[in-house]
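Here's the letter readout for the chains.
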Amino acid sequence: MKVLPMGERALLVELADGSAAEALHAELLRRRATGELTVREVVPAARTVLLNGLDAPARLAARLPSWEIPPLPPRAEDVLELPVRYDGPDLADVAALWGVPVREVPRIHAAAEFRVAFCGFAPGFGYLTGLGGLPDVPRRATPRTTVPAGSVGLAGPYTGVYPRPSPGGWQLIGTTEAVLWDHARVPAALLTPGVRVRFVPEAR
Amino acid sequence: MTDRALAVVRSGALTTVQDEGRPGHAHLGVPRSGALDRPAAALVNRLVGNPPEAAVLETTLNGCAVRPRCAVTVAVGGAPCPVTVDGRPAPWGMPVRVPAGALLDVGTAVSGVRAYLALSGGVAVEPVLGSRSTDLLSGLGPPPLVDGAVLPLGDAAFAHARVDVVPQPGPPSELVLRLTAGPRADWFTPEALRTLATRAYRVSSASNRIGLRTEGPPLDRAVGGELPSEGMVLGAVQVPPDGRPVVFLADHPTTGGYPVVGVVRGADLARAAQAVPGTRVRFVVTWALTPPPAAPVPRSGP
Chain A
1 MKVLPMGERA
11 LLVELADGSA
21 AEALHAELLR
31 RRATGELTVR
41 EVVPAARTVL
51 LNGLDAPARL
61 AARLPSWEIP
71 PLPPRAEDVL
81 ELPVRYDGPD
91 LADVAALWGV
101 PVREVPRIHA
111 AAEFRVAFCG
121 FAPGFGYLTG
131 LGGLPDVPRR
141 ATPRTTVPAG
151 SVGLAGPYTG
161 VYPRPSPGGW
171 QLIGTTEAVL
181 WDHARVPAAL
191 LTPGVRVRFV
201 PEAR
Chain B
1 MTDRALAVVR
11 SGALTTVQDE
21 GRPGHAHLGV
31 PRSGALDRPA
41 AALVNRLVGN
51 PPEAAVLETT
61 LNGCAVRPRC
71 AVTVAVGGAP
81 CPVTVDGRPA
91 PWGMPVRVPA
101 GALLDVGTAV
111 SGVRAYLALS
121 GGVAVEPVLG
131 SRSTDLLSGL
141 GPPPLVDGAV
151 LPLGDAAFAH
161 ARVDVVPQPG
171 PPSELVLRLT
181 AGPRADWFTP
191 EALRTLATRA
201 YRVSSASNRI
211 GLRTEGPPLD
221 RAVGGELPSE
231 GMVLGAVQVP
241 PDGRPVVFLA
251 DHPTTGGYPV
261 VGVVRGADLA
271 RAAQAVPGTR
281 VRFVVTWALT
291 PPPAAPVPRS
301 GP
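Residue numbers (this note's numbering), protein chains in the order written: chain A, 1 to 204; chain B, 1 to 302.
Only chain A is shown next, with the shape it has when bound in the complex (with noise of 0.2 Å):
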């Protein structure tokens, strides 16, 4: 674990790797809500988590190292089903990449379990991991100017889902109805920090 200095108010925490920081989140999550730790903002991303809005954070910086993290707990609640139609423009692209007939790249990304690592890019936006064993798949070298909302996207270790129309470099393998983000709605995203995801194929 490594502390960084992050402005006034701020620490940054960088981890080894993904599953060490979605089990600091987690921790940081616990203490906050036992009242352990005070912090308005707990922001997980790709290997860091972000606290800001903290009275002293040098006084945090010198006592993180020592907390003991248990590793991310198993979680109690049930898995989100996202309903997905495989018809995305780039699904052979993908295919070749990892060396599959087009039709398996459906088959691979339905039976995966994933988790929302963090969010990010827009609101709802959730960066989901579970592809395992996979190569990463590159962003399209001209991203497109625009992507529907409800795209099904790969890019890197992750899968995500626009949230709603807008430019992306993400390549497109397939859409789903659910709505990811709606304001009026509690909560207003559908994919938090830590929710376990599946996509369920629909028929074309």
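Where hints are given, some of them may not hold.
Partner residues aside, some chain A positions facing chain B, computed with beta carbon under 10 Å [as the list claims (entries may be wrong)]:
| id | residue |
| --- | --- |
| 1 | GLU14 |
| 2 | PRO44 |
| 3 | ALA46 |
| 4 | VAL49 |
| 5 | LEU50 |
| 6 | GLY53 |
| 7 | PHE121 |
| 8 | PRO123 |
| 9 | LEU134 |
| 10 | PRO135 |
| 11 | ARG140 |
| 12 | THR142 |
| 13 | PRO143 |
Read the hints as simulated data drawn from the structure, not as lab findings. Just so we're clear, the structure is a prediction, and the values are computed from it rather than from any experiment. The beta carbon of each residue, even a glycine, is placed where N, CA and C say it ideally should be.
Based on the hints, put chain B in the right spot on chain A.
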């Protein structure tokens, strides 16, 4: 005309609804947003008797004009600018009573960038995640004002302040940003860190509510390659591949993939909101949490 609303007559270059923003949702990818010059927004709210969380209008360079449908008390602050009511000059930085149906014009900034217009009762558009702020990056909150739009106003809660003169800081002729080391300061060469601390930059015209972009000597990286996405804070100085520092302002993304060389103090960001393109920028570096970078050792011999 007695309904509590205002009609937008001239929306200006960019006028948005802003309040204290929506902090606390960064883990969902939601930017904090909120008024860029927070002290100015808070002051005009106080002048008209609004609570600090009331929503105001934030203009950019050339102001805006609105026609309240009910009598309201207004105050304009932030960037100094001419204010008129039905064409007659009205004071800036003081409460002004505007009759129902009158045209309130917030003119072009004499200096600075962003003027703030508070109206008694506040702009009462529907809040999103507890805030009425327009967020240009993610599109949350009301869209920027357009001509002909009608915005609801809340009920005035308190009497306006009784003041004659309110001192407000003038826009900076030189923008001094105090900075502490960021998490990725060691991704830059010692020479780059000295460049940042000693050379002058200028505010780029590409600056917006997301970031204050600068022009000046590029900062060279000591570590190449990509940085995985990580959390960002207000005031973070991110350095994209062109080497020109970008200071993240209110609509900054919640995570980013370029290294953060330093973080500007929160108290200095209001002045950043008022610095016109071309303003000289100096980063005053206090490497508070990590040791100062060593000066390069001169090579001996030929």
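The hints, checked one at a time:
no.: 1; hint: GLU14; result: holds, 8 Å
no.: 2; hint: PRO44; result: holds, 7 Å
no.: 3; hint: ALA46; result: holds, 3 Å
no.: 4; hint: VAL49; result: holds, 7 Å
no.: 5; hint: LEU50; result: holds, 3 Å
no.: 6; hint: GLY53; result: holds, 7 Å
no.: 7; hint: PHE121; result: holds, 6 Å
no.: 8; hint: PRO123; result: holds, 5 Å
no.: 9; hint: LEU134; result: violated, 18 Å
no.: 10; hint: PRO135; result: violated, 17 Å
no.: 11; hint: ARG140; result: violated, 16 Å
no.: 12; hint: THR142; result: violated, 17 Å
no.: 13; hint: PRO143; result: violated, 14 Å
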